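Student: Take the given structure of chain A and dock chain B to it, following the hints.
2 protein chains.
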Amino acid sequence: VVRREVVQVITPGTVMGSGVQDARNQYVAAITETMSAYGVFAADLTTGETYACVVEDAERAMEELLSYRPKEVILEDNSTLTELIREKSDAFITYLHSPDDTAKEAAELPEELQSGASLLTAYLYQTAKRSLEHLQAFSQYEPSRFLQIDHYSRRNLEITETMRDRSKSGSLLGVLDFTRTAMGARRLKRWMEKPLYSQSEAEERHLMTGTLLDRFLERDHIRELLKHVYDLERLSGRVSFGTVNGRELLQLKKSLQQLHPLTEILKSLDCAPAKKLASGMTPPSELINLLELSISETPPVSITDGGVIKDGYNEQLDQYRDAMTNGRSWIAALEAKERQATGIRSLKIGFNKVFGYYIEVSKANISHVPEDRYERKQTLSNAERYVTPELKEKEKVILEAEDKSGKLEYELFTAIRDEVKTFIPQLQSAALSVSSLDVLQSFAEAAERHRYVKPVFNQEKTISLSRSRHPVVESVIDAGAYIENDFDLTADQDMLLITGPNMAGKSTYMRQLALIVIMAQAGSFVPAEQAELPLFDHIFTRIGAADDLASGQSTFMVEMNETRRAVDDATSRSLILLDEIGRGTSTYDGMALAQSVIEYIHNRIGAVTLFSTHYHELTVLAEKLNRLENVHASAREDNGVLTFLHRIQQGPADKSYGIHVARLAGLPDELIRRADDILHTFEKRNRQRTKETQQ
Amino acid sequence: VVRREVVQVITPGTVMGSGVQDARNQYVAAITETMSAYGVFAADLTTGETYACVVEDAERAMEELLSYRPKEVILEDNSTLTELIREKSDAFITYLHSPDDTAKEAAELPEELQSGASLLTAYLYQTAKRSLEHLQAFSQYEPSRFLQIDHYSRRNLEITETMRDRSKSGSLLGVLDFTRTAMGARRLKRWMEKPLYSQSEAEERHLMTGTLLDRFLERDHIRELLKHVYDLERLSGRVSFGTVNGRELLQLKKSLQQLHPLTEILKSLDCAPAKKLASGMTPPSELINLLELSISETPPVSITDGGVIKDGYNEQLDQYRDAMTNGRSWIAALEAKERQATGIRSLKIGFNKVFGYYIEVSKANISHVPEDRYERKQTLSNAERYVTPELKEKEKVILEAEDKSGKLEYELFTAIRDEVKTFIPQLQSAALSVSSLDVLQSFAEAAERHRYVKPVFNQEKTISLSRSRHPVVESVIDAGAYIENDFDLTADQDMLLITGPNMAGKSTYMRQLALIVIMAQAGSFVPAEQAELPLFDHIFTRIGAADDLASGQSTFMVEMNETRRAVDDATSRSLILLDEIGRGTSTYDGMALAQSVIEYIHNRIGAVTLFSTHYHELTVLAEKLNRLENVHASAREDNGVLTFLHRIQQGPADKSYGIHVARLAGLPDELIRRADDILHTFEKRNRQRTKETQQ
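So the protein lines, in turn, are chains A and B. The numbering of the first sequence is this note's numbering, which starts it at 1 and goes up by one. The numbering of the second sequence is this note's numbering, which starts it at 1 and goes up by one.
FYI, nobody ran anything at the bench for these hints, they're computed from the structure. Certain hints may be false.
All copies of an identical chain are treated as equivalent in the list; a pair is satisfied when it fits inside any one copy or across any two copies.
Stated by the list, open to error - Using 20 Å as the maximum straight-line C-alpha spacing, the simulated DMTMM-like pairs for lysine to aspartate or glutamate come out as follows: (1) Lys624 x Glu670; (2) Lys624 x Asp677; (3) Lys310 x Glu419.
Source: prediction; values computed, not measured.
Same shape as in the complex, but just chain A (with noise of 0.2 Å):
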């Protein structure tokens, strides 16, 4: 009786075969609640990542979770933060008790969260029913070491997705892309999702990216090598897992190939961030060698078929492989003895599992059959089958070699297997330099391709961006058709009011800030002639509201929690985009709550903040907000056509335009002329309004 028992639990965030997408992570998280704040963890089962941080509030450890998009979230079993989880995700969710003691890849956190971080072990143990050695010891981030976009905003800045088919193209991830490797794919998915708040982190990214663009020569072969660089850290998760195969083995030995050759050239670069990235790839040559003498260079899929290992590797191996190939020898030259001896040249030996080897005479030529010659073994309808003796006596020769020589490949192999899992953390150390250098050489190479400059950062909150563009939009439009924009703001004048018509290019604007900031943080150049920013702790938008209509809820209800998370979170170092914050409701109430809002942010926050509007009369406020300015989306009539310029411009848009509109559209002189006075009559009640309210 075969014993038959479970070996593994494949659930939707822990599976490891043919469903994995090499672009992508594939995160479990698990959440705990502690007396005053959640501990966040998350872990890559196929390449081994492990993550954990805390948070202090509900609503920002969901982000932090959520920035993994977990296929499963685990959750201890007394948990009462289901219902968050189910509002805003869609992974499955897990209870499990407790686990008594502290995991090993817990034991170097802080006590609070080493419960949390064992649970999730424990999940990952309990599903795998295996020891996990690429699994790495958890440490602890600060989340405030990246610049925060809350969930909404990463789905409407289309950051690594579009949102209308969850694609990448289409996406700035779409734009960025040119890595060679699944690994650097992955990082810089990452990156783009977690770019730095530290500036000295995203200038030494600057600095590679940098370096890289102008040393292209060095970089096309570093492009070449990273070609044949496989996936280390899934390469090293099957390790581990127990499930790597021959031919994923000499992947392996290809990869670490490559890191000599890549370090060679990091270091010729003479620059200290490509040292420190050269010294994390340094090559295991124990590794290589064990690799290059152990594995043959054809190895099968499966390793039970033999032939994986090299001959001259193990001695008894390759005299099991010398039997087998002598008898095999022996055999051929039986067969041209015997056809000589009998005068038929069809005669032939063959071999099957039940009978081994065999000599076959066809029915024509068995008259031909010597007496006594051989012994009968099988007839078949249109054949006889004989043996001898002594084919008998070299067949239990040959079928020991090969058995023998499976047992001891195979042990071989485990031994093998076996020894690649102590290099592990060098694996890992080494897909994580060559991953970053793989993203950085992306940087390189999009910058060049995009014609991209080096963001400088400064602390006097000053926003210096000339010609820039929107790398997204741009990468669509004709060469020479796309408008550039510029953006300056200063640390006494941070707050744009943009006012202008519909789809003269307000909210591509707004957008196009957001991105550039995202990028510079990432690490990446930027679509600009040049480019100063400061350092940015939090995105907060509020843009469009396709999305949320289509889900039947109330966009101004969404509009202003959006609102609510901006005014409550924001720092001085925030950036707020609010694109027509109050259009969901009736217009006094919404203009009231737009100026509100703008007050609120101008006097209580200083968080810088593009804030777009039809309520042309927020543009008076200008006049008393000091670090507020007015600037317009413009618009040009050309014989009754009007064009959408995409030109961002100083001071309030013109206030005629929508009258303008339905003139050249034909409307009644009367009706143009008595909308005119009603126009006219508000103005003139609007700056005396004006007056009061902002007393």
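Tutor: Just chain B now, kept in the frame of chain A:
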């Protein structure tokens, strides 16, 4: 040499075969320009329908043209209308010299329309390259006999198809279509696209719908009979085209056989319009007899396969068939005889096209064939084939009979087809009556299933609808959950200003009225408990903006164009729906235009108008404009959750709604208090402002 010449040209609008959709007409249209007006023409080659009318201005002429959704448009070769058509339609355009002669189908038209109608028929004859008996004579109709609905409104109200995926399901037609015949489905579509502007005609349809609703036994019987009526219009077309086959003539007969019982039921209904319908579908008994006598009950698909004509219809054909039958019996007898004579049980008589009839004996039995009994004809690998003189003789008789029978059948069939052609006018008259009956029973069926009531027209411009529903929305909402709404408008109060939050049902309420008007004027009952309506001449709408946004146009320009059309063309008998006019421009511009449009319609046009707006401050207009009334879509708050009631109530919306939501969303108290203050100032000013602008 076979002479090859073009026998038919198939173009997008002149497909006759399998590419034709049953439930849709397939129009080719033409438009011509005369001194001061436009001639619009349409013809459906598959059904023979023709239409012609005069329209005075270009925009309306385009609307009339587009109402046919033509696949092709024919223009005079010097036409200047190309651009105008290209803007609005993707139909194929063909230019043609104006023909010198007047087509016979155009003879009854007024002189200024003859050349356009001749242009269209010339095109049809040139592509069909044959006579087209089923093409009906053009007769002029007055576009003003119908409720005018422009192309944009027809799309936006989703009368016959949804905007999203152009499917019938989800449209008004989808809810109303219980037709049983393809003709009926097409006519229903046409009636919904062109509702009547004639009280007497609409009331006649209501009378008939009501009678069929009450007399449900008769309705069931009619529905059962209609199931057996095939597409008489398109069958007529195929008869005329010469492409009709035996099976279709059988379908024609079956269809015509339903006419008698249908007329009997109609007469029994004791109602004037039923009698009128009955008189239109007098069964052409002569034709039924002809088909009954001549066409086999199991005709083959191809008329050259033989067997189309019934036995007994033609003496000569019967003789040929006898000869064939006798000959074949003789051969069967011969086979039996020869088996016995030779003792070869496997002997058989076969036939092929090269050798004709033969006796076949297998190789094994050849030795049993008596010498000289047969003449050897053909040797196969395992059989011999023979003939005898008498077999050859019989063969000649049989083959001659077959040949002659085939030719004769074809002649007879052609003669019958030509005879059927002479009945085409009667068939078309029957088709008209049957399809109208089908639509009317479909109205009755819909009225029963959806609980519709008969609308009553009045001359006083009273709109009184109790507990009315949106016909499409109610079909997708659970019974009991649907919120019914009343309409109560009079000549003295014919404008509604609708305020209230998004998603609360404002635009559903507006669309609901338009759809009920369309249903009533098409002859259908309507979703309400009681319904009084005036007769409208034109529906203008400006609802939603999603479609224009996608096309990249300036929403506001489109908005103003639609508004201009309403303001230019509406009369006091028109219905205007304007949804948030002005939201695409800055607030005061938009508000000034909105107020000016409302005043203009109120003072100059007097059309029934539903105007929804976020410009809450417009609600004060009701104080001055005595025909304007405020209503609002209501919302309710339960424990911090807002529910939209979809109920329309008297008076303006609660003004504090927006700031209320902001408070629910948790914006800082300070911010909310400030917004309240600003709003308060706005409102104070607004009263004052309104007084001024109303002077």
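Student: Check each numbered hint against the structure and report the violated ones by number, ascending.
Tutor: none
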